[in-house]
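**Student:** Start counting the sequence shown at 1; every next residue gets the next number (UniProt numbering).
Some hints here could point you the wrong way.
Unchecked claim - Calculated lysine to any residue pairs in the SDA-like style (CA-CA distance at most 25 Å, straight line):
1) Lys96 x Met130
2) Lys96 x Ile108
3) Lys250 x Thr306
4) Lys546 x Thr481
5) Lys103 x Gly22
6) Lys3 x Arg76
7) Lys39 x Ala563
8) Lys626 x Pro602
9) Lys244 x Lys103
10) Lys18 x Ser365
11) Lys267 x Ile108
12) Lys597 x Ser487
13) Lys217 x Phe455
14) Lys149 x Asn395
15) Lys99 x Gly66
16) Lys244 x Thr306
17) Lys123 x Leu142
18) Lys149 x Asn124
19) Lys39 x Glu26
20) Lys203 x Thr393
As the list claims (entries may be wrong) - Each pair of labels, with its calculated beta carbon distance range:
21) Glu70 x Glu564: 16 to 26 Å
22) Leu218 x Ser365: 34 to 44 Å
23) Asn587 x Leu269: 31 to 41 Å
24) Glu561 x Asp649: 21 to 31 Å
25) Leu254 x Glu540: 15 to 25 Å
26) Ser487 x Ile617: 42 to 52 Å
27) Asn270 x Glu540: 34 to 44 Å
28) Cys607 x Asp304: 50 to 60 Å
29) Asn270 x Ser365: 29 to 39 Å
The hints are simulated quantities; they were obtained by calculation from the structure and are not laboratory data. Please read these numbers as outputs of a predicted model, since none were measured by experiment. All C-beta atoms in this analysis are idealised placements derived from N, C-alpha and C, irrespective of residue type, glycine included.
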Amino acid sequence: MAKYLVIVESPAKVKTIKKFLGKNYEVMASNGHVRDLPKSQLGFDPSNDYEPKYITIRGKGELLAGLRKEAKKADRIYLATDPDREGEAISWHLTKALKLEGKDVERITFNEITKTAVKNSLKNPRQIDMNLVDAQQARRMLDRMVGYKISPLLWAKVKRGLSAGRVQSVALRIICDREAEIEAFIPQEYYTLDVVLDNLDAKKQFVAKFYGDKNGKLDIGDKASLDKIMDQLQSASYRVESVKTGKREKKAPLPFTTSTLQQEASKALNFSIQKTMRIAQQLYEGVDVKGNGTVGLITYLRTDSTRVSDEAKSAAVDFISQNYGEDYLQEGAAKAKANGTKVQDAHEAIRPSDITRLPSEIKDSLSRDQFRLYQLIWKRFVASQMSSAVYETVNVKIAAGDYRFTVADSKRVFDGFMLVYTASDEEKDDKKLSAHGLHEDTKLGFSSFEEKQHFTQPAPHFTEASLVHTLEELGIGRPSTYSPIISTLLKRRYITKEAKNIFVTELGEVVNGIMKESFPSIVDEHFTANMEGLLDEVEEGTVNWKSVISNFYPDLEEAVEIAESQLQKVKIEDEVTDVVCEECGRNMVVKYGPHGKFLACPGFPDCRNTKPYLEKIGVACPKCGKDIVMKKTKKGRRFYGCEDNPNCDFMSWARPVAKPCPECGSYMVRKGSKLVCANEECRHVETADKEEA
Numbered sequence: 001m002a003k004y005l006v007i008v009e010s011p012a013k014v015k016t017i018k019k020f021l022g023k024n025y026e027v028m029a030s031n032g033h034v035r036d037l038p039k040s041q042l043g044f045d046p047s048n049d050y051e052p053k054y055i056t057i058r059g060k061g062e063l064l065a066g067l068r069k070e071a072k073k074a075d076r077i078y079l080a081t082d083p084d085r086e087g088e089a090i091s092w093h094l095t096k097a098l099k100l101e102g103k104d105v106e107r108i109t110f111n112e113i114t115k116t117a118v119k120n121s122l123k124n125p126r127q128i129d130m131n132l133v134d135a136q137q138a139r140r141m142l143d144r145m146v147g148y149k150i151s152p153l154l155w156a157k158v159k160r161g162l163s164a165g166r167v168q169s170v171a172l173r174i175i176c177d178r179e180a181e182i183e184a185f186i187p188q189e190y191y192t193l194d195v196v197l198d199n200l201d202a203k204k205q206f207v208a209k210f211y212g213d214k215n216g217k218l219d220i221g222d223k224a225s226l227d228k229i230m231d232q233l234q235s236a237s238y239r240v241e242s243v244k245t246g247k248r249e250k251k252a253p254l255p256f257t258t259s260t261l262q263q264e265a266s267k268a269l270n271f272s273i274q275k276t277m278r279i280a281q282q283l284y285e286g287v288d289v290k291g292n293g294t295v296g297l298i299t300y301l302r303t304d305s306t307r308v309s310d311e312a313k314s315a316a317v318d319f320i321s322q323n324y325g326e327d328y329l330q331e332g333a334a335k336a337k338a339n340g341t342k343v344q345d346a347h348e349a350i351r352p353s354d355i356t357r358l359p360s361e362i363k364d365s366l367s368r369d370q371f372r373l374y375q376l377i378w379k380r381f382v383a384s385q386m387s388s389a390v391y392e393t394v395n396v397k398i399a400a401g402d403y404r405f406t407v408a409d410s411k412r413v414f415d416g417f418m419l420v421y422t423a424s425d426e427e428k429d430d431k432k433l434s435a436h437g438l439h440e441d442t443k444l445g446f447s448s449f450e451e452k453q454h455f456t457q458p459a460p461h462f463t464e465a466s467l468v469h470t471l472e473e474l475g476i477g478r479p480s481t482y483s484p485i486i487s488t489l490l491k492r493r494y495i496t497k498e499a500k501n502i503f504v505t506e507l508g509e510v511v512n513g514i515m516k517e518s519f520p521s522i523v524d525e526h527f528t529a530n531m532e533g534l535l536d537e538v539e540e541g542t543v544n545w546k547s548v549i550s551n552f553y554p555d556l557e558e559a560v561e562i563a564e565s566q567l568q569k570v571k572i573e574d575e576v577t578d579v580v581c582e583e584c585g586r587n588m589v590v591k592y593g594p595h596g597k598f599l600a601c602p603g604f605p606d607c608r609n610t611k612p613y614l615e616k617i618g619v620a621c622p623k624c625g626k627d628i629v630m631k632k633t634k635k636g637r638r639f640y641g642c643e644d645n646p647n648c649d650f651m652s653w654a655r656p657v658a659k660p661c662p663e664c665g666s667y668m669v670r671k672g673s674k675l676v677c678a679n680e681e682c683r684h685v686e687t688a689d690k691e692e693a
């Protein structure tokens with residue numbers, strides 16, 4: 001009887017897949033990559049057509065020996081690594097590391113680890129797609145170039161083992177730019193005006209919002225404008241000018257891609273991006289379900305496709321019609337089912353591998369986090385195949401002299417997909433139509449005004465979810481890279497998280513400054529997005545991968561040479577302070593560490609005394625008169641406080657300046673090129689002079 005060897009990436013898949021195959025199949029795992037560029041050198045030769053040099057990854061020798069032994073026994077070898085660039089490259093490396101040339105070797109992929117999918121893949125094997133392999137090789141070498149050429153410069157500049165990354169550096173710049181935008185933001189005052197009116201016919205009160213005048217929309221920018229409008233409305237009579245009723249549909253959401261799953265799990269479940277990917281990997285590879293053994297619960301988790309296979313659509317039609325009724329079927333779904341074929345789509349959205357496996361039924365077999373994520377994926381997929389939600393809408397325009405107010409109401413009259421799934425940022429409760437019973441020329445009674453002062457808000461700090469959304473929108477990185485990008489930035493202490501918000505650290509600002517000054521193209525989002533597009537073209541077979549490398553490397557090398565020259569001229573010496581080391585009497589110096597600046601004794605290693613660095617900014621505390629110093633939170637976020645803390649509790653996120661506010665006498669803070677009064681009731685703004693800026 002013929003013997004077959006199936007090689008997968010993860011050991012967790014072995015048990016699941018082995019269950020589907022007969023005794024003549026041996027299933028083994030490569031534990032990810034088996035070959036890589038050497039760590040001790042660049043790993044390719046620019047003078048030899050950029051030919052990469054691959055070596056066996058340390059510690060993989062014994063594993064490869066076991067795979068070679070089984071490969072010799074096998075009549076046919078199936079390479080069943082993941083269905084993406086990385087998986088294709090692992091299969092190619094396996095053919096080289098196991099010396100499979102001349103053997104009967106075939107490549108198989110499956111989007112879900114189910115018996116049907118695995119057996120179908122064995123019936124439809126193919127050869128290794130070298131376009132996918134070349135795209136992965138190009139990405140790996142580009143990342144290696146940036147990391148190995150620029151990281152030593154950061155080491156020299158900041159004096160510690162830091163790193164630069166091709167995509168990581170762009171992500172850091174995007175975060176730094178947002179933080180600079182927030183810091184420079186100056187709030188603008190504005191007002192809203194509501195009026196409480198009596199519907200005399202229905203004997204009910206309702207609230208209408210100020211819209212503008214008979215010529216169009218108006219914004220109320222200050223108190224004087226508000227007072228003028230209210231004065232003119234004192235003698236006005238209120239009547240309904242127009243009533244428009246209608247219906248609107250809210251379409252079902254698309255099923256999850258990697259990016260949208262990461263974003264929604266962050267918002268709805270408070271999962272970090274890394275946690276979402278780790279748990280999704282467990283659900284994909286297989287979980288022990290009571291009565292079923294090890295089962296792969298979801299399809300492949302790294303995808304930017306929203307497509308769904310015909311087989312899965314057909315199953316969804318059956319499930320929805322049986323459990324919710326025909327009315328809840330998406331328009332055209334039954335027709336799609338009739339034309340459906342049993343085709344395994346290798347690039348699908350993330351969905352449950354079996355829609356009939358209800359989250360509630362397998363809850364006892366899952367951890368709490370596995371259950372919550374599986375339930376989110378299951379609900380989103382079912383909802384994506386359901387009909388739209390339907391709302392009844394009423395838009396009322398109310399005339400009051402020359403001014404106009406509006407009432408806009410909506411009520412859900414058919415829940416459609418919302419019977420199963422409501423996104424974390426959607427309104428979940430039904431509203432009652434307060435505008436019902438209003439007709440044109442209905443006279444209304446005035447009850448009261450409700451005026452409110454507001455200030456415009458800066459762009460919010462990035463969260464992991466919003467950063468992923470921005471990276472995807474700009475075309476930077478790919479689904480598999482979002483989690484490692486954020487993890488690396490956190491690990492290197494370039495950014496920190498407080499609650500869900502991301503803040504850049506002082507260290508991150510230093511690194512970003514070097515990258516922007518010396519390597520502007522690498523941290524340019526358009527350049528990076530264009531590079532991702534070139535990698536896609538390599539995958540499609542329209543661009544040669546070595547031409548991408550050969551066009552990029554010479555420019556990088558030239559930029560590194562220039563930067564090396566400049567960095568040598570501006571080499572930072574240790575800054576001597578007036579703080580005396582209490583152990584040996586020397587003046588302590590400023591050093592840089594993974595968490596930013598600190599004070600150290602220059603007598604190291606004889607004296608190892610260190611202490612926190614509190615940088616005075618030359619401004620007196622407005623509460624007690626002592627010096628204000630720049631500090632950092634435990635997670636690295638910068639703020640300004642009194643040196644006499646905890647006796648004095650003064651604290652400001654924005655940098656205070658010595659000049660007091662000329663209008664109220666309070667202290668002012670710097671916002672970009674402006675000085676702003678810290679007193680919210682005053683909010684005086686002026687342009688900073690050259691010295692203050």
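**Student:** Is 15 to 25 Å a correct range for the gap between the Cβ atoms of Leu254 and Glu540?
**Tutor:** The hinted range 15 to 25 Å holds for Leu254 and Glu540, with Cβ atoms some 24 Å apart.
**Student:** Between Glu561 and Asp649, does the C-beta distance stay in 21 to 31 Å?
**Tutor:** 51 Å, violated
**Student:** Between the alpha carbons of Lys597 and Ser487, is the straight-line distance 25 Å or under?
**Tutor:** 22 Å, holds
**Student:** Within a Cα-Cα threshold of 25 Å, do Lys99 and Gly66 meet the stated pairing?
**Tutor:** 13 Å, holds
**Student:** Hey, Lys149 versus Asn124, does the alpha-carbon distance stay inside 25 Å?
**Tutor:** The hint is violated at about 43 Å.
**Student:** CA of Lys123 to CA of Leu142, is that 25 Å or under?
**Tutor:** Distance ~37 Å between Lys123 and Leu142 Cα, so the pair is violated.
**Student:** Does Thr306 sit within 25 Å of Lys250, going by the straight-line distance between their CA atoms?
**Tutor:** 18 Å, holds
**Student:** Holds or violated: Lys267 with Ile108, Cα cutoff 25 Å?
**Tutor:** 36 Å, violated
**Student:** Per the hint of 42 to 52 Å, is the separation of the Cβ atoms of Ser487 and Ile617 within bounds?
**Tutor:** Because 33 Å falls outside the window, the suggested range is violated.
**Student:** Hinted pair, alpha-carbon criterion (25 Å max): Lys203, Thr393. Please report holds or violated.
**Tutor:** At roughly 22 Å apart (the allowed maximum being 25 Å), Thr393 and Lys203 satisfy the hint.
**Student:** Could you grab the alpha-carbon distance between Lys244 and Lys103 and see if it respects the 25 Å cut-off?
**Tutor:** Measuring from Cα to Cα gives roughly 73 Å; hence the hint is violated.
**Student:** Is the distance from the Cβ of Asn270 to the Cβ of Ser365 consistent with 29 to 39 Å?
**Tutor:** Violated, since Asn270 and Ser365 (Cβ atoms, about 23 Å apart) do not stay within the stated range.
Comparing the model with each earlier hint shows violations of hints 8, 9, 11, 14, 16, 17, 18, 19, 21, 22, 23, 24, 26, 29; every other hint is respected.
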